[in-house]
Amino acid sequence: MLQAINDRIKGWLGIAVVVLIGLPFALWGIQSYFDDSGPRYAAKVNNQEISANEYERSVSLQRQALLRQYGGQLPIEEKDLRERTLTQLINQRLLEGVTFDDGYRISDTVLSGKIKQMFTVDGAFDRLRFESSVAAMNMSVSMYEQALRNELRTKQMQSAIVSSSFMTREEANKLAALDEQTRDITVLTFNIEHFSTAKKPSEEEIKQYYEENVSRFMMPETVKVDYVEIKSEDLSAGLEVDELQIKKMYEDYVASIRGREERKARHILLTVAADAGEEVKVAAREKIEALKKELDGGADFSELAKANSQDPGSATNGGDLGWVASGEMVKPFEQALFDLKKGAISDVVQSQFGFHIIKLDDIRSEPVESLESKRPGLEEELKADTVASMFYDISERLASTAYENPDSLDTVVEELGLTINTSKFFTRAKGEGIAASESVRDAAFSPLVLEQGANSDIVEISPEHVIVLRLNERIPSKAVPLELVKSKIENILKVKNGHEQTKAAALEVKSRIEAGEAIDSLKAEGITVDVITSLGRKDKSKVSDPSILHDAFDITLGEGTGPTVREVDLITGDVALVVLDKVNVVEDISQDELDLVKNAFLRENAVRAFSNALSSMKENADIEKNTRIINR
Numbered sequence: 001m002l003q004a005i006n007d008r009i010k011g012w013l014g015i016a017v018v019v020l021i022g023l024p025f026a027l028w029g030i031q032s033y034f035d036d037s038g039p040r041y042a043a044k045v046n047n048q049e050i051s052a053n054e055y056e057r058s059v060s061l062q063r064q065a066l067l068r069q070y071g072g073q074l075p076i077e078e079k080d081l082r083e084r085t086l087t088q089l090i091n092q093r094l095l096e097g098v099t100f101d102d103g104y105r106i107s108d109t110v111l112s113g114k115i116k117q118m119f120t121v122d123g124a125f126d127r128l129r130f131e132s133s134v135a136a137m138n139m140s141v142s143m144y145e146q147a148l149r150n151e152l153r154t155k156q157m158q159s160a161i162v163s164s165s166f167m168t169r170e171e172a173n174k175l176a177a178l179d180e181q182t183r184d185i186t187v188l189t190f191n192i193e194h195f196s197t198a199k200k201p202s203e204e205e206i207k208q209y210y211e212e213n214v215s216r217f218m219m220p221e222t223v224k225v226d227y228v229e230i231k232s233e234d235l236s237a238g239l240e241v242d243e244l245q246i247k248k249m250y251e252d253y254v255a256s257i258r259g260r261e262e263r264k265a266r267h268i269l270l271t272v273a274a275d276a277g278e279e280v281k282v283a284a285r286e287k288i289e290a291l292k293k294e295l296d297g298g299a300d301f302s303e304l305a306k307a308n309s310q311d312p313g314s315a316t317n318g319g320d321l322g323w324v325a326s327g328e329m330v331k332p333f334e335q336a337l338f339d340l341k342k343g344a345i346s347d348v349v350q351s352q353f354g355f356h357i358i359k360l361d362d363i364r365s366e367p368v369e370s371l372e373s374k375r376p377g378l379e380e381e382l383k384a385d386t387v388a389s390m391f392y393d394i395s396e397r398l399a400s401t402a403y404e405n406p407d408s409l410d411t412v413v414e415e416l417g418l419t420i421n422t423s424k425f426f427t428r429a430k431g432e433g434i435a436a437s438e439s440v441r442d443a444a445f446s447p448l449v450l451e452q453g454a455n456s457d458i459v460e461i462s463p464e465h466v467i468v469l470r471l472n473e474r475i476p477s478k479a480v481p482l483e484l485v486k487s488k489i490e491n492i493l494k495v496k497n498g499h500e501q502t503k504a505a506a507l508e509v510k511s512r513i514e515a516g517e518a519i520d521s522l523k524a525e526g527i528t529v530d531v532i533t534s535l536g537r538k539d540k541s542k543v544s545d546p547s548i549l550h551d552a553f554d555i556t557l558g559e560g561t562g563p564t565v566r567e568v569d570l571i572t573g574d575v576a577l578v579v580l581d582k583v584n585v586v587e588d589i590s591q592d593e594l595d596l597v598k599n600a601f602l603r604e605n606a607v608r609a610f611s612n613a614l615s616s617m618k619e620n621a622d623i624e625k626n627t628r629i630i631n632r
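In our numbering, the protein residues as written are 1 to 632.
By construction, these hints were calculated from the structure, which means they are not laboratory data.
One or more of the hints may lead you astray.
Taking lysine to aspartate or glutamate and the DMTMM-like style, the derived pairs with C-alpha atoms no more than 25 Å apart in a straight line are [what the hints assert, rightly or not]:
| hint | residue 1 | residue 2 |
| --- | --- | --- |
| 1 | K424 | E464 |
| 2 | K292 | D361 |
| 3 | K116 | E303 |
| 4 | K496 | D252 |
| 5 | K510 | D569 |
| 6 | K247 | E151 |
| 7 | K383 | D252 |
| 8 | K224 | E77 |
| 9 | K523 | D551 |
| 10 | K503 | E212 |
| 11 | K341 | E251 |
| 12 | K264 | E151 |
| 13 | K618 | E151 |
| 14 | K523 | E211 |
| 15 | K79 | E221 |
| 16 | K174 | D539 |
| 17 | K494 | E211 |
| 18 | K538 | D569 |
| 19 | K287 | D347 |
| 20 | K200 | E483 |
| 21 | K200 | E212 |
| 22 | K342 | E303 |
Simulated restraints on C-beta separations [to be verified]:
| hint | residue 1 | residue 2 | range |
| --- | --- | --- | --- |
| 23 | N46 | E279 | 53 to 61 Å |
| 24 | T197 | L74 | 46 to 54 Å |
| 25 | Q146 | R397 | 46 to 54 Å |
| 26 | A613 | S112 | 27 to 35 Å |
| 27 | G417 | R474 | 25 to 33 Å |
Backbone N, C-alpha and C define an ideal beta-carbon position, used for all residues, glycine too.
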């Protein structure tokens with residue numbers, strides 16, 4: 001699809017659209033980035049620009065990753081995603097500059113080794129997989145290599161920070177002892193249903209609560225929009241394919257299959273150093289030519305290779321090089337090998353390594369499918385490329401026409417032959433039809449559409465579906481009438497008052513426990529008493545509410561005669577008293593536990609140190625954000 005667009009657009013614009021941002025980015029707010037009224041970059045870090053294209057590519061990659069992780073639903077708002085991505089890019093660019101200035105470097109050897117490690121399959125580097133992965137990120141190989149080099153340089157600095165963290169054995173023992181510590185507690189739970197005698201709130205109380213908390217009872221603002229749309233599926237209807245193009249695509253397919261052909265080869269190598277004298281070269285050539293005559297006379301290639309070849313990697317195996325693909329050998333060797341027929345032996349071949357004699361043992365390649373079997377796929381691919389090109393052209397015209405005529409969609413309709421549609425009412429958070437798309441809702445409630453009354457930027461609902469919209473009708477946010485929420489407020493006040501009564505009863509019992517009264521004498525209807533022994537920090541199953549576990553380890557054993565008591569508000573509305581009876585200290589801590597505690601501490605300390613270092617860098621850096629691009 002992108003190739004078809006690339007074929008249509010040449011020069012710097014084609015490169016920018018196809019290589020850097022791809023079709024989706026070309027359709028996102030085209031004019032908003034190239035309008036003279038604002039900057040054309042996403043941010044500047046110490047006078048180094050982060051381009052709008054790089055930013056949009058990163059946003060797209062982040063969005064795709066989140067959609068895959070969360071089953072097609074974004075777990076955060078689009079604006080938060082865009083802001084978080086820009087922050088990450090700023091941090092990345094800042095770290096790249098600082099690490100370079102501080103002398104961190106990644107050699108070509110290290111970089112190459114890392115790439116090979118990442119893209120090795122079954123023990124061999126998979127170049128096709130590497131190039132496909134890079135292309136999927138809308139990057140060139142050189143762009144990817146530079147990005148990886150920067151990432152590895154940053155990791156060098158992180159490793160340096162991590163290695164500077166340390167922890168003494170005494171500190172590890174103390175932390176491990178705290179981690180392994182258990183507690184004996186008694187929990188008294190006061191049931192709200194028993195202690196609440198709250199009466200139905202009065203009309204005046206309900207009204208007062210409503211007026212004081214009216215923001216909790218608001219109907220959200222809603223809008224209805226007019227829009228025009230372009231869909232790839234509409235463009236493909238009745239599209240006919242060009243038979244000449246189908247033939248050309250099939251020829252390219254056949255050529256690509258042949259280009260992936262592999263050859264099983266043997267060779268005899270007599271090495272000659274690049275700076276060797278003429279006498280050495282002549283002697284080597286005479287010897288290799290003598291070996292060639294022996295082969296022409298019927299000598300065994302493998303035996304001659306074992307006895308004479310100076311290639312340490314293949315000589316012992318009779319010169320066997322295994323399967324060789326195009327691009328894996330030096331040019332003179334490769335050209336001679338691929339000119340041979342199966343079973344043939346080459347003439348003497350000279351390369352920068354010396355003199356070779358090559359034998360072709362076997363040839364293997366993918367079977368070439370017939371035009372008839374490939375036709376359906378080729379036609380589909382051709383149609384997809386044609387539609388993509390048409391989709392881009394029309395979308396670009398839609399973006400520019402809507403932008404140049406912001407006060408109406410009429411000109412768009414006339415010039416592009418589109419139809420104006422009208423949505424149902426929707427809110428910022430929810431909608432139906434096109435408003436089910438978060439990007440559509442964001443555009444509809446943007447200042448450009450909502451306040452200025454202009455046409456929106458072009459909005460991408462999917463890679464094959466874009467729209468431009470404008471405001472049709474707006475219903476501002478307003479308070480829900482008291483009559484509709486009266487019963488809800490009654491319940492809120494009843495629970496609130498009941499909780500206060502329950503808490504008062506719990507506090508009265510707390511005072512009696514602190515005064516030394518036995519818990520057994522305080523048992524009564526509505527109070528549940530649970531004795532929990534050896535409660536660990538992670539023993540959630542032993543308590544009825546997470547707050548009890550938290551408070552049990554948040555209080556300290558009292559120094560006086562009375563016990564230590566803490567009141568806790570529970571999720572259910574009940575109130576609990578947590579009485580700390582005993583702290584159990586572990587005397588013998590295993591080395592494994594000490595190692596776990598130490599490793600956890602060092603990780604946390606390293607993260608904290610790195611975060612502090614980054615904060616310091618940002619304080620001393622000149623950072624300028626283009627907030628317009630975030631709020632697009």
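Comparing the hints with the structure gives:
Using a Cα cut-off of 25 Å, the hinted pair K424 and E464 holds, with the two alpha carbons roughly 22 Å apart. Pair hint K292 plus D361 holds up; C-alpha atoms about 17 Å apart against a cutoff of 25 Å. Proximity of K116 to E303 is assessed by CA-CA distance (about 35 Å); at most 25 Å being required, the pair is judged violated. Between the alpha carbons of K496 and D252 the distance comes to roughly 76 Å, so the proposed pair goes past 25 Å and is violated.
A threshold of 25 Å between alpha carbons decides the hint, and for K510 with D569 the separation of about 14 Å falls inside it, so the pair holds. The suggested pairing of K247 with E151 is violated, with an alpha-carbon distance near 45 Å, which exceeds 25 Å. Between K383 and D252 the CA atoms are separated by roughly 17 Å; this keeps the pair inside 25 Å, and the hint holds. For the proposed pair K224 and E77, the alpha carbon gap of about 21 Å is at most 25 Å, so the pair holds.
Between the alpha carbons of K523 and D551 the distance comes to roughly 22 Å, so the proposed pair stays at or under 25 Å and holds. Taking the CA atoms of K503 and E212, the gap is near 24 Å; set against the 25 Å cutoff, the hint holds. For a cut-off of 25 Å, the pair hint linking K341 to E251 stands: about 23 Å separates their Cα positions. Of the supplied pair hints, the one linking K264 and E151 is violated, its CA atoms being roughly 39 Å apart against a limit of 25 Å.
Restraint check for K618 and E151: the C-alpha separation of about 18 Å stays at or below 25 Å, so the hint holds. With a C-alpha separation of about 42 Å, the suggested pair K523 and E211 falls outside the 25 Å cut-off, and the hint is violated. A threshold of 25 Å between alpha carbons decides the hint, and for K79 with E221 the separation of about 19 Å falls inside it, so the pair holds. Taking the CA atoms of K174 and D539, the gap is near 21 Å; set against the 25 Å cutoff, the hint holds.
Of the pairs offered as hints, the one joining K494 and E211 holds, with about 17 Å between alpha carbons and a cut-off of 25 Å not exceeded. Taken as a hint, the K538 and D569 pair is honoured in the structure, with Cα atoms around 20 Å apart against an allowance of 25 Å. As the CA atoms of K287 and D347 are separated by approximately 13 Å, the hinted pair is consistent with the 25 Å bound. Straight-line distance between C-alpha atoms of K200 and E483 comes to about 16 Å, which keeps the hinted pair within the 25 Å bound.
For a cut-off of 25 Å, the pair hint linking K200 to E212 stands: about 19 Å separates their Cα positions. For a cut-off of 25 Å, the pair hint linking K342 to E303 stands: about 19 Å separates their Cα positions. For the pair N46 and E279, the beta carbons lie near 60 Å from each other, so the given range of 53 to 61 Å is met. In this structure, T197 and L74 meet the distance hint of 46 to 54 Å, their C-beta atoms being roughly 47 Å apart.
About 35 Å separates the C-beta atoms of Q146 and R397, a value inconsistent with the hinted range of 46 to 54 Å. Remark: the range hint 27 to 35 Å for A613 to S112 is upheld by a beta-carbon distance near 29 Å. Look at G417 against R474: about 29 Å separates their beta carbons, and that is inside 25 to 33 Å.
Violated hints, in rising order: 3, 4, 6, 12, 14 and 25; the structure is consistent with all others.
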